[in-house]
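> Here are the chains, one letter per residue:
Protein chains: 2
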Amino acid sequence: MAQQRLLDEELTAGLELPPIFCPLEAATNPACLRVERRAIAWIDEVGLCADARERAKVIATRSADFYSRFAPHADEDRLLPAVLWVYWGFAFDDARCDAGHYSARPAEFVPMASRVQRALERPHPAAGDDRYAAAVHDIGMRFRQIGTPVQFQRFVAAHRGWLAGVAWQVANQARRRMPDLEDYLTMRLHSAGGEPTFAMLEIANGPEVPAAEMESLAVRALTEMAIAVASLDNDRHSLARELGEAHADQNVYGVLLHRNGGSLAAAVRTATSLRDRVLLRFMRLRERVAPRLSTAGRVYVDGLAYGIRGNAEWGLRVPRYLGDRTAADHEITWAEHPMEDTAEPIPIPSIAWWWDV
Amino acid sequence: MAQQRLLDEELTAGLELPPIFCPLEAATNPACLRVERRAIAWIDEVGLCADARERAKVIATRSADFYSRFAPHADEDRLLPAVLWVYWGFAFDDARCDAGHYSARPAEFVPMASRVQRALERPHPAAGDDRYAAAVHDIGMRFRQIGTPVQFQRFVAAHRGWLAGVAWQVANQARRRMPDLEDYLTMRLHSAGGEPTFAMLEIANGPEVPAAEMESLAVRALTEMAIAVASLDNDRHSLARELGEAHADQNVYGVLLHRNGGSLAAAVRTATSLRDRVLLRFMRLRERVAPRLSTAGRVYVDGLAYGIRGNAEWGLRVPRYLGDRTAADHEITWAEHPMEDTAEPIPIPSIAWWWDV
Chain A
25 MAQQRLLDEE
35 LTAGLELPPI
45 FCPLEAATNP
55 ACLRVERRAI
65 AWIDEVGLCA
75 DARERAKVIA
85 TRSADFYSRF
95 APHADEDRLL
105 PAVLWVYWGF
115 AFDDARCDAG
125 HYSARPAEFV
135 PMASRVQRAL
145 ERPHPAAGDD
155 RYAAAVHDIG
165 MRFRQIGTPV
175 QFQRFVAAHR
185 GWLAGVAWQV
195 ANQARRRMPD
205 LEDYLTMRLH
215 SAGGEPTFAM
225 LEIANGPEVP
235 AAEMESLAVR
245 ALTEMAIAVA
255 SLDNDRHSLA
265 RELGEAHADQ
275 NVYGVLLHRN
285 GGSLAAAVRT
295 ATSLRDRVLL
305 RFMRLRERVA
315 PRLSTAGRVY
325 VDGLAYGIRG
335 NAEWGLRVPR
345 YLGDRTAADH
355 EITWAEHPME
365 DTAEPIPIPS
375 IAWWWDV
Chain B
25 MAQQRLLDEE
35 LTAGLELPPI
45 FCPLEAATNP
55 ACLRVERRAI
65 AWIDEVGLCA
75 DARERAKVIA
85 TRSADFYSRF
95 APHADEDRLL
105 PAVLWVYWGF
115 AFDDARCDAG
125 HYSARPAEFV
135 PMASRVQRAL
145 ERPHPAAGDD
155 RYAAAVHDIG
165 MRFRQIGTPV
175 QFQRFVAAHR
185 GWLAGVAWQV
195 ANQARRRMPD
205 LEDYLTMRLH
215 SAGGEPTFAM
225 LEIANGPEVP
235 AAEMESLAVR
245 ALTEMAIAVA
255 SLDNDRHSLA
265 RELGEAHADQ
275 NVYGVLLHRN
285 GGSLAAAVRT
295 ATSLRDRVLL
305 RFMRLRERVA
315 PRLSTAGRVY
325 VDGLAYGIRG
335 NAEWGLRVPR
345 YLGDRTAADH
355 EITWAEHPME
365 DTAEPIPIPS
375 IAWWWDV
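Quick note, the sequences are listed as chains A and B, same order. Under our numbering, think of the first position of the first sequence as 25, with each following residue one higher. Under our numbering, think of the first position of the second sequence as 25, with each following residue one higher.
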């Protein structure tokens, strides 16, 4: 709680977050606005939101813009269901993961999330589904239609991983525990939703990545690193918002302050350096691995890079994070250099292997 | 609690469980005893058990016998790590899932299980691993060595599904909630440990099942049905034991009694009929699908059938379930007919699709 006060004070005093280092290509899908309109129609049709306030909040996530950056070359009809899931994911997250009744009640969260997961998996609808379960079932049926069975099952497995990560977060919340850095980074590989988000890449883009490539250590490391960078960027994006809503309990800054003490400014430097080192490793490994991959594999890995860049850019512009300071089309200043330019592995067992492959 | 008394009374009065219907081929691996010796040496070497009592209990699970029935044709060196995981799984289950400190504390179970899962996944050891995490990390490294990356990642995903299912069970336990039949069956697809157990089949047998076959609806349905039959058989096996230890809270009989009332004898008939219908569907679908599969796919599906049969047979003989009534080599009487011979789908949305494919 002392940390919370410290964070509040430093932010009120106008702590400047450093610009983001992200020398990856940016692109966006030309179907973005059409997909946004279709997605909003779906939100209304399926009854995802309880009221106008919820609806406005979900639409303000700009999920169509978000995923258009992940899959800039996808066909409109393939982009749509991925975008629907992003809207759904933000709605579910806000209502039942990061905030709300379930957010600190693991004994209730886990059964609820397990039912939602099964609604996604099973090809049959169920009368007992609540609005989140019914909506994700609908999305699952769309994925089945446009994706291959392998792509669909990869998404299903990624979705389960995400909900398991959120359960961990909810469990920490229940016990008011701040995880250590290793636990936090491991948890965020799942709880941030990066797994299902990136698992949709091949459904949106079309070609199925051969299993031997997808499960190779190199591609797995690239996927995990993309998730790690994006989720650390999200910690940065949401710092202000979460402080405003007083639930900034678990983020990388809090974790570092809890462990190291010191100022928020120092924690920001440490977190940025950590994130930049992972991005550097991602870039170097991608460069080495991409030429050996199949076309489908290369499209997937390109998607990871578009996703890292797109997530950063979206997060710097979306009202969800900017709140009153919204300046949708302001020019973004990017960092020209990483905070720390080293190829040394980060010595944390859970992730150190990213530097081995 | 009234139900608990009812169950106790009926069992004391000598309720007879009907014989098991299981017209599937039985076989066992000739390397069983050698693998058992090697596994016991590993248990001691890795320090899986805290004391002699725990050690005796783990060895009494006869995990080598168990998995030798699942993979009767596997090479000894491929069978070994699968058997190690079964011993590990029973030890972990008894200490931290079905009983013990964590068994009704989801806020503690989920972070602990997440760390164990990561210990399996990451190629690096970690000084902070407890004995369960260290042992499963060791098993994971063995799987990596003998299996393909695809086989290993399938096991990892199955393992996560299992722990998510156990988290659901622990959550129910915490709230003293008896799930309804649909939730229970969905939960048991995961919590019973059938997913990782069957995911080891291809590691033990060798050939990698092509992704398009493994993720096809038919093979997924066969896998889920094999898990369902085996877990319902386990409910039957463990009924006596769990009543003795007073933690029979969640099993199919309790679920049916909770919903329908009536006698335990009636619940046993309903559960048996349900289980037999799933087995019949498994057998018919297998017969139809097997000729279309690759050799690796057929070996996998044969393994599902060996597993159903082996699990039933092992459960009828193992001291774990028989307790004082142990009669390791008594002759088993099998049912000649299913309790109900119908090809009608079971009208539960979560599983009804098994009859569609």
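If you are wondering where the hints come from, they were derived from the structure by calculation, not from laboratory data. Just so it is clear, the structure is predicted and the values come from calculations on it, not from any experiment. For every residue, glycine included, the Cβ atom is placed at its ideal position computed from N, Cα and C. Do not take every clue at face value.
[What the hints assert, rightly or not] Among the chain B residues that face chain A by a calculated CB cut under 7 Å, a handful are:
{"id": "1", "residue": "CYS73"}
{"id": "2", "residue": "ALA191"}
{"id": "3", "residue": "SER240"}
{"id": "4", "residue": "PRO371"}
{"id": "5", "residue": "SER374"}
> Hints first: check each against the structure and report whether it holds.
Against the structure, the hints come out as follows:
no.: 1; hint: CYS73; in the structure: 24 Å, violated
no.: 2; hint: ALA191; in the structure: 5 Å, holds
no.: 3; hint: SER240; in the structure: 5 Å, holds
no.: 4; hint: PRO371; in the structure: 10 Å, violated
no.: 5; hint: SER374; in the structure: 6 Å, holds
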